[in-house]
Every structure is written in C-alpha cells, then in structure tokens.
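Residue numbers (the working numbering), protein chains in the order written: chain A, 11 to 333; chain B, 11 to 333; chain C, 11 to 333; chain D, 11 to 333.
Calculated from the structure, these hints are not laboratory results. Hints are not guaranteed to be accurate.
Since the list can't tell identical chains apart, any single copy or any two copies may satisfy a pair.
Derived lysine-lysine pairs resembling DSBU-like cross-links, with alpha carbons at most 35 Å apart [to be verified]:
(1) Lys-318 <-> Lys-304
(2) Lys-317 <-> Lys-224
(3) Lys-56 <-> Lys-304
(4) Lys-85 <-> Lys-12
(5) Lys-248 <-> Lys-304
(6) Lys-12 <-> Lys-248
(7) Lys-318 <-> Lys-85
(8) Lys-248 <-> Lys-224
(9) Lys-304 <-> Lys-317
(10) Lys-56 <-> Lys-12
(11) Lys-12 <-> Lys-224
(12) Lys-85 <-> Lys-224
(13) Lys-85 <-> Lys-248
(14) Lys-304 <-> Lys-224
(15) Lys-248 <-> Lys-56
(16) Lys-56 <-> Lys-224
Quantities reported herein were computed from a predicted structural model and do not represent experimental measurements.
Here is what each chain is made of, one letter per residue.
Protein chains: 4
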Amino acid sequence: MKRIGVLTSGGDAPGMNACVRAVVRTALYHGLEVYGIMRGYSGLIKGEIVRLDTTAVANVVQRGGTILKSARSQKFMTREGREEAYNQLVHHGIEGLVAIGGNGTFTGAELFEREFGIPTVGAPGTIDNDLFGTDYTIGYDTAVNTALEAIDKIRDTADSHDRAFFIEVMGRDSGYIAIPCAIGSGAEIALVPEQVQSIDSIIETLQRARGRQKSSLIVIVAEGEEEGNATHIATQVKDAIPELDARVTVIGHIQRGGAPSAADRLLASQIGIAAVEGLINGMRSVMAGIVDRKLVYTPFHDCITRKKPLNHSFVRMIDILST
Amino acid sequence: MKRIGVLTSGGDAPGMNACVRAVVRTALYHGLEVYGIMRGYSGLIKGEIVRLDTTAVANVVQRGGTILKSARSQKFMTREGREEAYNQLVHHGIEGLVAIGGNGTFTGAELFEREFGIPTVGAPGTIDNDLFGTDYTIGYDTAVNTALEAIDKIRDTADSHDRAFFIEVMGRDSGYIAIPCAIGSGAEIALVPEQVQSIDSIIETLQRARGRQKSSLIVIVAEGEEEGNATHIATQVKDAIPELDARVTVIGHIQRGGAPSAADRLLASQIGIAAVEGLINGMRSVMAGIVDRKLVYTPFHDCITRKKPLNHSFVRMIDILST
Amino acid sequence: MKRIGVLTSGGDAPGMNACVRAVVRTALYHGLEVYGIMRGYSGLIKGEIVRLDTTAVANVVQRGGTILKSARSQKFMTREGREEAYNQLVHHGIEGLVAIGGNGTFTGAELFEREFGIPTVGAPGTIDNDLFGTDYTIGYDTAVNTALEAIDKIRDTADSHDRAFFIEVMGRDSGYIAIPCAIGSGAEIALVPEQVQSIDSIIETLQRARGRQKSSLIVIVAEGEEEGNATHIATQVKDAIPELDARVTVIGHIQRGGAPSAADRLLASQIGIAAVEGLINGMRSVMAGIVDRKLVYTPFHDCITRKKPLNHSFVRMIDILST
Amino acid sequence: MKRIGVLTSGGDAPGMNACVRAVVRTALYHGLEVYGIMRGYSGLIKGEIVRLDTTAVANVVQRGGTILKSARSQKFMTREGREEAYNQLVHHGIEGLVAIGGNGTFTGAELFEREFGIPTVGAPGTIDNDLFGTDYTIGYDTAVNTALEAIDKIRDTADSHDRAFFIEVMGRDSGYIAIPCAIGSGAEIALVPEQVQSIDSIIETLQRARGRQKSSLIVIVAEGEEEGNATHIATQVKDAIPELDARVTVIGHIQRGGAPSAADRLLASQIGIAAVEGLINGMRSVMAGIVDRKLVYTPFHDCITRKKPLNHSFVRMIDILST
C-alpha cells in the first residue's frame, strides 16, 4: 500500500480532527501518501480529494467539527454511486481508506469493499457511544461534559427558584449521554430508551423527592426516550402535580461541537494510529476500537448488527444517589 | 440606620451572589447589621429572614444563582401583602432594604416606600440589560459570554456540514444579548425587536451570503423578535430556499446560570457597595448603576418608565462584518 | 454496622465532594447514620465530627475541593495519635470509615485497623493517578483536562510568535498527566519519570522538528522528571540552540481545583457507593477501584506497595504524532 | 486610497484575529484591497505580505493568538529598516496601514509616518490595558477572565487546606489585571505597582483576616509590583507568620491565549472598523479607541506619553469587601 485516503462521514463529533491528524501523521510516519476526501462519500464520488501533508493537520487537534467536512450521501447508497467513487479512487491511486463515522458509514464501507475490493478500516466517530466494538466512541466524552456543564448552569436557576427542570440531552437509541449527565448533575431521574418508566412511576419518584424537602428537581430525558420527549413528559407531570414550577430545556446541538476533551483527543489519536496500521497490516472492513484499554479490531458486520448494552448498574446508582 | 435587609427578586442572574456579598460586607464595614430576606418579597411577607455575618457570604462571589433564592410574589402586589411585609420589617427592626432585581422589583419597592416609608436602594440584577440608569446590568456580560460559547460550538457543526443555523437567544424586549452574539460569532444577521426586518430582506441577505460562497450561515434571533421566533423564521426561509440545510436551536436557560464573568463580579461589587452607602446617605427609591464608568443613582421611576436605546451602530457593524 | 464516618485526606482532588455525597447517600439508603470527619486524620483526633444528612451533600457534586477539608496529620503517624482517634470514634459510636485519599491515607488506615480494629474502605482520591488497584483515580481526568486547556491557550502564543514552550505539569512520580497532555496538545516531546531521555536526544528531536518547518514547539515536562524541571531543561536546550525563542511555564496548582469532569463525577459516585457497600459487607483495609470497567477491591497493602505501570505505547504515540 | 495593509505587533492578545477580520471585511465593504503583513514590522521589511479576501478571515473571530503572527523587530528601530519597509509597501502598492499592538507598535508607526508619509491608524491590542486613549484594550477582558478562572480553581485548594495563596498575575506597569482579579476572587489584598504597600502593612492585614477566622487567604500580586514578586513577598510573610501554610503560584502565559470573550470580540470589531474608516477619512498616527462607549481617535503621541490612571476607588473596594 502506497497511498490511502481519509474521510469523515455522518454527524460531526469532537475529536474527529484529532483522529484525522493521527491518520495523516501515522501514514507519513510509515512512508505512505495520504489524501483527504472532503464531505464523506459525497465528496468521494465528486472527486473532492486533496493531498495532505504534516502541516495540513497542524494545530487542529483541539478543534471541534471536522476539517474534512461531513455529509450524508444518498448516491453512495446506490451501486452507480459506489462505482463512481471507485473510479475516483483508481484515478487518484488510492488503495485504502480510513472512514471516521458511525453505523451508516461502516455499512457503506463494507458494501464498497465487497463490490470493489477497496479495504477500509473504520474509526468510531459519533457522540452517541452506541457502537459495538469500542467502550467509548470519539466525541462521546466531550458531549457528556458539554451537556453536564450546561446542566450545571441550569441548576443554578433551578435552585434559586425551587423549580423542576426537565432537560433533554442527545441519545436517539440509548441513554449513554443521559445516564452520566443524571449521575453527574445530581438528578432525581434519568429517562432512557433502555429502561422504560411509566409516567406514574416518574410522578411518584418526584413526589417522594418533594417530600424529602428537595427544593429543586432535575429530570434528564434522552431524546429517544419511549415515553416521549422532555416537553411531553413535563406536561403530564404538571397535570399531576399542578403546584410544581416546571420548565423544559433542550440542550441541543451544542453537544456536537466544542474543543474535544483530553480523553477524546487521546482516544482519537490511538484509533487514528491503529486504523492506518491496520490497513498496512492488511485489515479490511473492521473498526478499530478500545475495549478494556486494549486495542481491538471488530468486523463492521458486528459493529452494525450487535448492540452494546448500557450498564444497568448505572440506573440503580441514580436511585441510591437521589436518596 | 442600624439594620438593613437584602433580597433578590425576579429571574436569577449571575453576579447576584457577588452583589449580596458586597452588600453584607459593606454593611458590616460601616457598622450596620444586615439580614438576608429569602425568596424576595414572598419571603419578606412570610418572615423568612436570617442574620448574615461575614462568613455567610464567604466563597459565594463565584457562584451563579442566588443564595437568597428568588421568587415572584403576587401578594406583594396587594396592599395587604405589603402591610404584612412592613410588619415583618418592623418586627425585625430592619430600617432599609437593598433590592437586587429588575423592573418588577423596583416597581414594588417604590410603592412600598411610598406607603410605608421603608427606603430601598436597588441593584440592577437581570441578564437582559434593558434597565435605564446603568450601562450594564449584573448578569448581562455572563449571559452574553455563555450564549456566545454555545454558538461557537454550534458553528463547529454548521461549518462541518455547510449548514444554516437559526439560533434563538434571550431578550424579550431587546436585542442586547443578540447583537454582541451576532457580532462575536460572525453571524450573517441579527434579528432584534428594535429593528424589524421583513422575511424577504432576511431571505435576500442569506441568498447574497450563499452567493459569496459562504458555506455555513448563522442567524441570531432574539426571543422577542417581532417576526416570530427562530423556528418560525427558519420555516419561512426554508420555504423560500429549499436547498438550504437549516436547523434551529434555542440556547435557553443556560444563559441565566454559571459562574459570573469578571466584569459581572466587578460590577456587582461596585453596585453592592454603592447601594449600602446610598442607604446610609439617606437615599430611597433609587437604583445604583454605572454609566460611563461613573456611579449614578437613578430614581426607580425613571428606571421603570424610560427605555435604554440599543446602540444602532451595532446593526450597521453586522452588515459590514458579514461582507 | 450502624454508623460510619467519612473523611478526605492528603491533597484535594476534584470529585472528592461527589464521592462524599455518594458515601452519605448510600449510607442513608442502607439505613446507616453517617458522620463527616473534618480535616482528615487531624480532625479525627480533635473530634471535629459532624452528622451529615441528605441535604448536607445537596448541590456539592459539581464543586472542586472538599467540603470536609483536608490536612496532613503528623500526630496520626504516632501510636498516641491513633489512640486518640480511636477514642473519638468510640465516643461517637462510629464503627467504620470511608477514607478518600492516596497512599499516605491508606497507610495510616491500615495501621489503624490493625491496632484498633476499625475497618476502613478507601477511595482513590488524587489527581496523580499513580495508585495501583484502579485504572483511574478521582480527580485525574479533571486535572488532565485543566492542564490541557491551559496548554491550548499557551499554544496560541507559541504559534503567534514561533516560539518553543517548556510546560511543566504535575506528576511527581509518574507521567500520567504529562502523557495525555502531550498527545492532546500536539507536543513534540513528553518528558516523564518513567522514561528518561538525555538532553542530547531532546535537543536532537527539537532540531529535527525545526527542520520540518514546525514554527512552534511544545515540550511537556512532568514535575518529577529525572533530568530536572522545565526551567532546567529549557536552559540547557537554549544553550544548544541559541536561536530558539524558548519560554517556560508551570501550570501549577490550578490542576488541583475546578468543577470535576463528567468522568470524575461518575467514577467518584461509583466508588463512593462501592466503599459503603464494601464496609457493610465486612470489608476492611481495601480500596475500591474500577479496573477495566469492573468494580474491584484491592488490599491497601497492594495499593501502597505495587506500582501501576504507565502504558508505554503512549510514548511511541508521541513519536508518531509529532511526525 | 486603494490598498491597505494590516499587521499585528508586540505580544499577542485574544481578539487580535477578530480585529484583523473586521479590518479586512471593512476594507472590502468600502471597496479597498487589503493585504496581511506577517510577523509585524519584521515581516514588513522582509516582504511577507499576502492578499486577504473575505474567506481568509472566515472562522477566526473566536480564535486566540494572531493569524498574522507577531514578532518584535530590532531592524524597524533603525532608519535602514524602515526604508526597506517603505520600499516593500511601495512595491505592493500599499498606501496605508492598520497596526494592531501597543506602545512599541505605535512608536514605530509614528516615526515611519513622519519619515515616509505612510499613514497608520492603530488598534490597541494588548492584554495589559495600560494604553491611554481607550477604556479597554483588546485582550484585556479575556485575560482577566482567564486569570480569574484560574484563581477560582486555586481557591478550591486554598479552602480545602486552610491555606494562604500568593498568586501572581500579569501587569508589568499596572494593576489593571490584578485589581479585578482580587475583587472577583474575594482576595484579601491586591499588590499593584500604583499603590505600594509595605510588607508590614501586608502582614498586618493578613493577621487581621486570620483573627476574623478566615480559613483561607488570597493575595493577588501584579508582576510589576514594587515590593517584589509573589515568591519574594510570600517568603517575607512566612518569616513573620511561620504558622501560615502559604503557597505561591504564577498564572503565567495562559493569560495571553484562549478564545476572546464577548466583550473583546465586540471591542476588536468596533475598533477594526473604526481603524479602516479612519484611514479612509485621512487620519494618520492616531489610535482608535472606545472611551465612555464612544469612538475616539487619539494621537499616537498621547497614547505613548500619557498614562491612564488606575481607578483608585477599586483599592478601597478591596478593603471593604475583605471585611
């Protein structure tokens, strides 16, 4: 292998730039040429491909977003799209790819490899942390810290006014962000897709907390919570406890941005190095991840089809800590 | 005057604690006793009144929210409520008040003084900065910085995905928060109550920006904007420019919390000192403020009835800077 | 067991309060009474012991420092001191202890248990992360993030002026803080106690980086680095490369303070719960820790005498990433 | 005037990039061409001059440091150096300059204008805030906030251990940074060049504070303090009060970096616009500044020779607030 490409795809996540930097530097370290593919598979099809040298990734390790930009590509979902992508790679002499992204990214890469034989090693870049094959995804630690800092500020108001706040954090399919936010903010409840709580039990928990003279109450709601989003739940609770001064806030897009945390920079760097060295060693259609502090490569197929279970002991923790 | 009280009222604002601390320390410095009245006028009526010494305000200068808590009181709006409040003050031997809050707070205090003769000096504590009689209110600088830091994070995503973001910041009656956020974030447009822009002109400005190859667009919307809130405006813009990948985010309650900025701690301290020294010097029904770096006392009546105009040169700045 | 005590000892670390909160809430959850012992073993000897209820630990999860205060106690190193401590515990009816701290804390607790039979379960509270028996100590993640944010700021100046900065971070015996700071800041070199580099090799690495047109250079130095501290090393480098515009900065005490990160709040909560449940289950002279995401109890003796080795792959990473 | 240049000179300051952006965008808005001169006067002499368009300053408003880099130039202090600089400007067709920096920058610009007739308008870019002709300099507000956030962290440790901390902040000739840091952190004393306090009086103040049961003490020392730096003062205090557990920390270079605060971005933008519009209107050898919220142009001569006095009421405030 002489020349590889790197792209970011799907939603951006803090640490993607640290990962791109690691990919570039590792490729150069091992004597490879490296090209940046702009806007994910979309830019690959269009040939938005630029040579990257060491200074191209200087001073980006601390930046949020992705200097390679990201996009979702309908066309790459088609055989014709992938053929155009393949022709671009052949044209540029690129023999392998590092794809930084999530499930959708890896699904496309696996198909691409099967059809056209271009090997890809994946890097888990998503704030959601819902990928099998790695304890943590790149961007997750930063997103949790960003959400928690926001909740800390909201609690100032909750305490000052003896209010209840229903706070929605990201997490379409999992409570990975909601759970540490709830534990770290001293919330009374975390509502997560993995463990449905009825409205009645939510109301009961809040009534009990009020009985213990808690002046302010925090409920953390994952956006994918089955009982509905924060506004929906707050409305039902207010119906049941009319004297509750309840507010709703959605933390929203700030969770995707910002300078990556130390843990995310470290993880992104480890995985960027591992992805390139995996390619060099002949790997294909696997994702580099860290499990129990050890580097592991997991087939894309497993990453896509298997579910990483939420640690249920965390839910018990919230019960104890809100005593 | 031997004994004074201090209360916080209305929405909480970062720096209120720094102001309470300054009130307490200044009172003690001048040999007065000082009492904290919990939950604003509501706690005053109920007699939630506690003696404060120097250690009661140790280590609070950096804390958001208000250690005296805040509440809105319907009862203080009635003559009976104010009479109960007066009786509480007589009972505790409190001869003067420092009231930290906004327009509603000062309206109540002025009435109270007229009816019962208890002098109050006010401190402008609100993130909105819409009070006449001071260049800046306590909490405003922090709120702007909090909003701007959030917008910085959102721009990471906007840039990575070539998106437009419509971002709603606080400001029911004014663009004081929206304007510096727009200038400081490199936004294309700021929509503020003071200067209505038609949807057509908004669309035209965004079309022009797209013509200049701007890949990401930021529109800052004050919550009190006449054309409607961020969601409403974004919907109309998307109708006119369907190819725009537009998102909406509401910064929300985080703008009220957090550790106060250096400027807010300094301002809160200056005003806290001035409020107590104003009381000692026989002032009543005035608000302490800083105008052009000088301490001024403005009658409550003027604070309530006069409007502090937004500097219109700021709107021109956004035009120039988004060139 | 009916009544337990909790204390913090040694240098303070962010997350200690989150741990104290978890200890208190878990004790109450299981029907125990819980007492806070002020100023570590020093306060224990003097009987500075206060009952803690659930509100005593409300709103502290996000605070740096320790509400129980900390101190080093010479007297507890003596048999007489420990006897006084024992008498205090008997007097207060306290039957078990949770001690949050580091090696010195556990050494004292083990001796105390052997002599007087009072069981202690330890919680690893130190920013240094150099304790055997847990992957991470409480406070470590926050300290690294604080140092890294400071280094990010310094790099603004380094880049603007094409300067070299020698930056000293904490770590008397280990490079645990220095290594992620170096990887996360894009540093050219990390100098750590575990892997001595000669001045000649440092100079050679920097010369090579200059040859690659790197305009600014960052060297991270752990305070316990064998070749000497940052100032000493910078002086020698400047002698060898006189044209280098080199500066030294010591990050210093800020690394011990600040609101704990999400990871530290979570870890502190897990360990606080585990410590109390360990006591209830009859454990003594063990430290609760998390290894590979699983809760483990390690005998104090092992924590004190065994060394947790630095992951040497990290040093190789810096070589690659500074390509 | 058809074509102007912009440079940054002297120590970098947060907000310089926001100012460069405003200069570029304003020039383009008024139909001028604009060139960036790298590394201040040094790059001017060497002809390191690049055309800037609107995208060159996209996404820099929030970045610390200066994208134009900065340097100090001995050569520009000589007549020959300035002649080479002049030849470069003639060669590039540049007819006017915006120079962002401090006293040294303006001294050079004034001389250059007198000798070669190239008009310069200055922008006050320095964290020190010691320039006559503007209430605040670009970077000052950020530097104070950075220092104060660091001091907040240190106070966590001071409180936890009942310690005294002597903390040195920047300010070679003035207490502009030290004073708000002291007020905002609840310090007992601020030692500033403008108001010398004897060691005896420092010791007396600290003894009094200890008598009031203050457990932790903070002393803020400006680096230019006449009685010596923080270490020197701490040593003398420890000699006098041996039982004091005193530590020293120097905040250092972090005060120069980081994302600019909202106030600095606004100020930098206002001044950048004013500088270009001043040049267009025929101004020369003046600095654009904001005094009492109004734009003023002050002759370089006055900026250099006159002193902006520190508001002495601030020193009295510290006395009151540390009661």
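Original post:
How would you classify Lys-248 and Lys-56 at a CA-CA limit of 35 Å: within, between, both, or neither?
Top reply: between (52 Å within a copy, 26 Å between copies)
Subject >> Copy assignment of Lys-12 with Lys-248, given that the CA separation must stay at most 35 Å >> reply: neither (63 Å within a copy, 39 Å between copies)
**OP:** If the cutoff is 35 Å on CA atoms, where do Lys-12 and Lys-224 land: within, between, both or neither? Let me know, please.
**Re:** This pair counts as between: shortest inter-copy Cα distance 25 Å, intra-copy 63 Å.
Subject >> Up to 35 Å CA-CA - Lys-224 versus Lys-248, copy category >> reply: Answer is within: at 17 Å inside a copy they meet the 35 Å cutoff, but 45 Å across does not.
**OP:** Since the copies are identical, ignore which copy is meant and state whether Lys-317 and Lys-224 lie within 35 Å (CA to CA) inside a copy, between copies, both or neither.
**Re:** neither (37 Å within a copy, 40 Å between copies)
**OP:** Pop the pair Lys-318 and Lys-304 into one bin, within, between, both or neither, using alpha-carbon distances up to 35 Å.
**Re:** both (17 Å within a copy, 16 Å between copies)
Original post:
Between the shortest in-copy and the shortest cross-copy C-alpha distance, which are at most 35 Å for Lys-318 and Lys-85: within, between, both, or neither?
Top reply: For Lys-318 and Lys-85, the Cα distance is within 35 Å only inside one copy (29 Å; across copies 51 Å).
Original post:
For the identical chains here, do Lys-248 and Lys-304 meet the 35 Å Cα criterion within one copy, between copies, both, or neither?
Top reply: neither (47 Å within a copy, 39 Å between copies)
**OP:** At 35 Å max between alpha carbons, let me know whether Lys-56 reaches Lys-12 within a copy, between copies, both or neither.
**Re:** Classified as within; 22 Å inside a copy, 39 Å across copies.
**OP:** Classify it for me, Lys-56 with Lys-304: is the Cα-Cα distance of at most 35 Å met within a copy, between copies, both or neither?
**Re:** Close neither inside one copy (37 Å) nor across copies (47 Å); limit 35 Å.
**OP:** Pop the pair Lys-304 and Lys-317 into one bin, within, between, both or neither, using alpha-carbon distances up to 35 Å.
**Re:** For Lys-304 and Lys-317, both the intra-copy (20 Å) and inter-copy (19 Å) Cα distances are at most 35 Å.
Original post:
For Lys-85 vs Lys-248, is the C-alpha pair at or below 35 Å within one copy, between two copies, both, or neither?
Top reply: Between. Shortest inter-copy distance 23 Å satisfies the 35 Å Cα cut-off; intra-copy 46 Å does not.
Checked against the numbered hints above, the structure breaks hints 2, 3, 5 and 6 and satisfies the rest.
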